[in-house]
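Spelled out from the first residue to the last, the chains are:
Number of protein chains: 2
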Amino acid sequence: MRTLTRKGAATRQRILEGAAAHIREHGVANMTLDDVLARTATSKSQLFHYFPAGREELLLAVARFEADRVLEDQRPQLGDLTSWPAWQSWRDKVVDRYRRQGRLCPLNSVMSQLGSRTPGAQAVVTELMHRWQAEIATGVRHMQDAGEIDPGLDPDRAAAALLAGIQGGVLIQMSTGEIDHLEAALDMGIAHLRASKLASP
Amino acid sequence: MRTLTRKGAATRQRILEGAAAHIREHGVANMTLDDVLARTATSKSQLFHYFPAGREELLLAVARFEADRVLEDQRPQLGDLTSWPAWQSWRDKVVDRYRRQGRLCPLNSVMSQLGSRTPGAQAVVTELMHRWQAEIATGVRHMQDAGEIDPGLDPDRAAAALLAGIQGGVLIQMSTGEIDHLEAALDMGIAHLRASKLASP
DNA sequence: GCTACCATGGACTGGCAAGTCCAGTCCGGA
DNA sequence: TCCGGACTGGACTTGCCAGTCCATGGTAGC
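Same order as they appear, the protein sequences are chains A and B. Residue numbering for the first sequence follows the working numbering, beginning at 3 and increasing consecutively. Residue numbering for the second sequence follows the working numbering, beginning at 3 and increasing consecutively.
FYI, nobody ran anything at the bench for these hints, they're computed from the structure. For glycine and all other residues, C-beta sits at the position ideal for the given N, C-alpha and C. Among the hints, a few may not be true.
Unchecked claim - Here are some, though not all, of the chain A residues that point toward chain B, as calculated from beta-carbon distances under 8 Å: (1) Met113; (2) Gly117; (3) Thr128; (4) Leu165; (5) Gly171; (6) His183.
All chains, full assembly: derive it from the sequences and hints.
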């Protein structure tokens, strides 16, 4: 796969997106390679041509693909947490994204299938979490500079807590179908940041 | 399976715990029925005798088993959130439990394997979440009665947020190995409850 | 101690799905 | 135009693993 013609790259992409779509609809456990082939009008030799290590490599590629989407879907709000209304609008976007996504989280399901034996899969998620947390922390620092958040607060730790709340809220939504926890976690996290200013000066 | 002799019940239990242990060590995807049989010194006919619907029924039983453990492992602290030191001690117990458990969460992996197509599996998790949240909410109410938390705060919503933080913290620990997020989420949640009193009276 | 039913061992089957192979086609550069 | 390598189709192999079956051994109640 050293050189890819345009046509080859397109085929590879079609397989990748087909697999991602199938997983989003049916979950990873219900995905066979043949499903992907049927959906993308490709053949087994093509799949193994572009993903020589087979299923596992394909799944890893899907994980990367979905991980990228996660942050992209929060743009531009995530990169612009510079006022309380901006935070609120980001909060709404996150809730909306996951409400829409429904009960199947491709990333989570791919992860639990690849499991901990695949170092690559862990790296993908770890990097996603770090990037996400870093962006939130940047937002916290902005607000500290603007005097809207207690400067004594550790931005990374606050971002970590907020991120955990989001992840948990999404996870609970996935298993129970209720979105309340995600909303509560975000609201409480943001409220805590806002309240910190009142308590400190 | 209407009547079970003592011996039969013991065998059933051995199979159940063996499966749970194997899943905790290797994950659900790497569990075959034969693995369980080998580990528990039983035979296939026994497994299907006690779990007629086979793998799926066994997995569901494991899910129930693990769901019960989750709350039991937090006793007695979870049922006694009546002072700030008690909250702290509960917080420590939760962190410790998941630090010990390491990177494989049996419940999460069983869930993502059974997926959303099994209503039973969802019911197990949903009930666990509700019970967990209810116990935290009871703790919040205690503290409100004691005048330690703003009475205007909605206990259920606060509990939901805290629970989301825990779930997310655990999830992140599972994928990245870092326990910081869980700690940060718990600490922030509790700090928020404590701070509410100062802001209100 | 007899009898009905529970408990057990382990061989067997059937199907599914990952991965292999080879024959053939298309494309791009010289 | 021609050649090498990328691309494609699909049949085939292989191994695994859930689930079935039946014969036999144990046990509890009468």
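Would the hint on Gly117 (chain A) be counted as holding, given a Cβ-Cβ threshold of 8 Å to chain B? Cβ of Gly117 (chain A) sits 5 Å from chain B, so the hint holds.
Cut-off 8 Å, beta-carbon criterion: hint that Thr128 (chain A) touches chain B: This hint holds: Thr128 (chain A) lies near chain B, its Cβ roughly 4 Å from the closest one there, short of 8 Å.
Taking 8 Å as the limit, does the beta-carbon of Gly171 (chain A) come near enough to a beta-carbon in chain B? For Gly171 (chain A), the interface hint holds, since the closest Cβ of chain B sits about 4 Å away, which is under 8 Å.
Is the shortest C-beta separation between Met113 (chain A) and chain B less than 8 Å? holds, 6 Å
Does Leu165 (chain A) pass the interface check with chain B, least Cβ-Cβ distance below 8 Å? holds, 6 Å
Using 8 Å as the Cβ threshold, decide whether His183 (chain A) counts as touching chain B. Holds - the Cβ of His183 (chain A) comes within 8 Å of chain B, reaching about 4 Å at its closest.
The structure fails none of the hints (numbered hints given earlier).
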